[in-house]
Amino acid sequence: MHTDTELARKSLLYRREILRVIRRAGAGHTGGDLSCIDILNVLYNRVLRVAPADFSDPDRDRYVQSKGHSVEALYVVLADRGFFPAAALDTLSHYRSHFAGHPTRDVPGIEQNTGALGHGLPIATGMAIAGKLDSAAWRVFTLLGDGELAEGSNWEAAMAAAHYKLDNLTAIVDCNTLQITGRTRDVMGNEPLDAKWAAFGWAVRRVPGHDLGALTAALSSPPEPGRPRVFVADTRKGSGISFMEDAARWHHGVPTDDEYKRALAELDARLAQLEGAAA
Amino acid sequence: MSAPASPMHSPEAARVAARLGLRPGRANIDVFAGTLLALARADRNILAVTSDSRGSGKLVPFGDALPAQLIEVGIAEQNLVGIAAGLASCGKKPFAVSPACFLTARALEQVKNDAAYSDNPVVLVGISAGVSYGALGTTHHSLHDFAALRAINNLTIMAPADNFETCGAVRHAASAAHPVYLRFGKAPLCDISNPAEPFVAGKARVLCDGADAALIATGETVIHARLAAAYLRETAGIACRVLSVPAIKPLDAPAILDAARECRALVTVEEHMVSGGLGEACAALVAQSPHHPRMRLLGIPDERTVTGSQAEIFRHYGLTMEGVAAAVHSLLF
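Line by line, the protein sequences are chains W and G. Just so you know, the working numbering puts the end of the first sequence at 307, numbered straight through with nothing missing. Just so you know, the working numbering puts the end of the second sequence at 334, numbered straight through with nothing missing.
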C-alpha cells in the first residue's frame, strides 16, 4: 500500500504525464483528465483488485470508464501500474496506434470500449448482475461525467441496478460542473443530483473529488447491503493547474509551449514542496 | 391486430404447396424459444434478457422453468443491450430479446459499440421483425435492420427461413464467440429445408436447382420463392435455383457468384427495404464479378409502407409466389 505522501506525489506526476502525452499527441481532453485523475489514482492504487499479471482473472474487479474521453488519465495510471510501458503513450492518437482517443480493449487493462456517453453504467450494471448470478466477490466500478448524465440510458440503468439490488456496483460521478459548451447547469441542469440518485434507489454520498484521503475512505468503505451506490465527487475541471481550472475552454485544450512550461513549473513547485515536507 | 398470416397467400399458392407436400409448421419464434430453453437447461450461463418482451418472445415458459436465467430490464432497449454486453463480458451468453423495430433502431448505438465494437458475444434477437406487426404502422416495422446492421463491423446477421434453419441458427448463436443478430417473424411457416443437409452457419442452402433463374431469398420470403420455382416449372417449364440465405452477413459469396455464373437471371426477395438489404448486397457482389445476369431486387420500396397484415403487405408489394414468378418472367422474356 502506498503512503499518503506517495499517493499525493503520484497525483502530481500523473498530471505531468497527462500534459506531456497530450502535448505530444496534439490532442486530448485535458480538463476532464485533470478532474478525474485523483479518483483514478485512488481506484487503481488503493481500491481495485486488478493487476497486469492476471488481468484475465475472472475474479478481478471491473472498472468501466463511461466518460471515455478522459482516456489520457486512464492510460497514464495504467502505465504506472505496469499494464504497458509508459513509452507506448508516445503513440497516443497516432496512425494505427492502439492508444486511440477513447479507451479500447486493444490496450492492456481496458475492460470495455467506450467513448459514446451513457454506455458505461448499463454495461457495468450487466457486469454486476453477472457477479450476482455467480455469487462472486468481485466488484464493479464505473466513472461517469456530470454532463453525461443528460443521456437517458444512465437512468434506465440506474433503475435496473436498484431493482436488482446491485450492492456490488459503485458509480462515481466526476462532477466538475462543466461540459464542452459551458456550465452543466446552463446546458442542461441536473441538480439536485444527490436527490435524483436517491430517488432511483441508490445510496448516495458526496465526496471531495481531489481529496485523496476522503476518496480512499469513501471508495474503500463497505457498500450498503442491497443497494448500488454512487459517489458524487465534487471536482474541478483542469484541477491542479491554476490557469486551466474550472474553465470550459480546457475541455480539449492543448497547452502551448508557454502554457506547458507554466503548468510544469506549478506541478514541480508542488512536488518540491511535498518532498521537502516529507524529508 | 390482424390474424397471423398463412404462409400461402393465394389459393393457387396453397395448391402448389400441397403438390410439393409442404405442411404448415410453427412460427420461428416458437422454435427459437423452445430451442433456447433446451440449451439453457443444460448451461446456466445461457440467459434470456427481455425488455417487457417475454410474451411476444414466447419466453413465458422459459421464465417459469428457469427464473434465475431470465433477466427483465423493463421497457428500456438501450439498457437491454448494454446490460447484455456487460453480462457477455463476464462469461454469460445473453440472448437479448426485443421487437426488431426497437432493438435495431433505438439501441443501435449500443449494438454498434457495446456488442460489436467491444466484441461482447451477445445474441441480439429481433422478434416480430419485418412487417410481422404490419397493421401497427411504421413505428413497429423493422425494414431497416439489415441495412443498419450490415454497416457495422463484427456482427453476424441471420434471418432463418423455416423451423429447421431457426434451430440451426439459435444453436450456432449460442456457441458463437462474437455477437450475432437473429431475426424472427411470428407467422407459422412451412418447413422447406432438406433436413438431411446439415445447417452450416454462413452457407446458403439450395432448396431446388435450375439454370434459367436463381431466386435468392431470406427469412419469411423464402417460402414464396420456393413456391414460385415450383409454379414456374409447372406452368412455363422454367427451371429455377432457389437459394435460401439465412446469413445476410457474412454473405455466402461463392453461392451467390455461382448463381450469377450459372443462371440467366437473378431475383432477390426479402422482407426489408430494398435499400441496403440482401438484394443490394448480392448486386454489389455480382457487379464486381465477370458475370452479369439480369437482376431484379424485390422487397419494400422507398415509400411510406402500407399497413395491414404481413400477408396483405406481401401481396401489396409482390412478395408472393405470383409476384416472384412475374419478376422472373419479366427478366427472361
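Honestly, the hints are just simulated from the structure, not real lab data. Honestly, I wouldn't trust all of these hints.
What the hints assert, rightly or not - Label pairs and their calculated CB-CB ranges: (1) A285/G with M216/W: 36 to 46 Å; (2) D222/W with E110/G: 20 to 30 Å; (3) P251/W with R172/G: 36 to 46 Å; (4) P250/W with A106/G: 40 to 50 Å; (5) G217/W with V201/G: 29 to 39 Å; (6) R42/G with G217/W: 47 to 57 Å; (7) A106/G with D222/W: 26 to 36 Å; (8) P250/W with S176/G: 37 to 47 Å; (9) G210/W with P62/G: 48 to 58 Å; (10) A115/W with P62/G: 50 to 60 Å.
As the list claims (entries may be wrong) - Here are a few chain G residues that face chain W, going by a calculated C-beta distance under 10 Å: (11) R45; (12) N80; (13) Q111.
Unchecked claim - Derived coverage of chain W by chain G (criterion: at least 3 residues anywhere in the stretch with Cβ under 8 Å from a Cβ of chain G; other residues may be distant): (14) 133-146; (15) 175-188.
Note that the coordinates shown come from a computational prediction; the quantities given were computed from them, not determined experimentally. We treat Cβ as the ideally placed atom computed from N, Cα and C, and that holds for glycine.
Hints, one by one, checked against the model:
1. Distance hint check for A285/G and M216/W: the Cβ-Cβ separation is about 42 Å, which falls inside the suggested range of 36 to 46 Å.
2. Our hint of 20 to 30 Å for D222/W and E110/G holds, since their Cβ atoms are close to 29 Å apart.
3. The hint said 36 to 46 Å for the Cβ distance between P251/W and R172/G, and at roughly 39 Å that hint holds.
4. For P250/W and A106/G, the hinted distance range of 40 to 50 Å is satisfied, since their beta carbons lie about 42 Å from each other.
5. Restraint check, G217/W to V201/G: a C-beta distance of roughly 56 Å breaks the suggested window 29 to 39 Å.
6. Between R42/G and G217/W the Cβ separation comes to about 50 Å, which falls inside the hinted range of 47 to 57 Å.
7. Evaluation of the 26 to 36 Å hint for A106/G and D222/W yields a pass: the beta carbon distance comes to about 34 Å.
8. A C-beta distance of roughly 39 Å is found between P250/W and S176/G, which places it inside the suggested range of 37 to 47 Å.
9. Judged by the Cβ atoms, the range 48 to 58 Å given for G210/W and P62/G holds: they are separated by roughly 53 Å.
10. At about 57 Å, the beta-carbon gap between A115/W and P62/G stays in the expected band of 50 to 60 Å.
11. The closest approach between the C-beta of R45/G and any C-beta of chain W is roughly 8 Å, which is under the 10 Å cut-off, so the hint is satisfied.
12. A hinted interface residue such as N80/G counts as satisfied when its beta carbon comes closer than 10 Å to some beta carbon of chain W; here the least separation is about 4 Å, so the hint holds.
13. Because the beta carbon of Q111/G sits about 7 Å from the nearest beta carbon in chain W, less than 10 Å, this interface hint is met.
14. Against chain G, the region 133-146 of chain W contributes 8 residues with a C-beta closer than 8 Å to a partner C-beta. That satisfies the three-residue criterion, and the hint holds.
15. A count of 6 residues in the region 175-188 of chain W with a Cβ less than 8 Å from any Cβ of chain G is obtained; the coverage claim is therefore met, three being the minimum.
Checked against the numbered hints above, the structure breaks only hint 5 and satisfies the rest.
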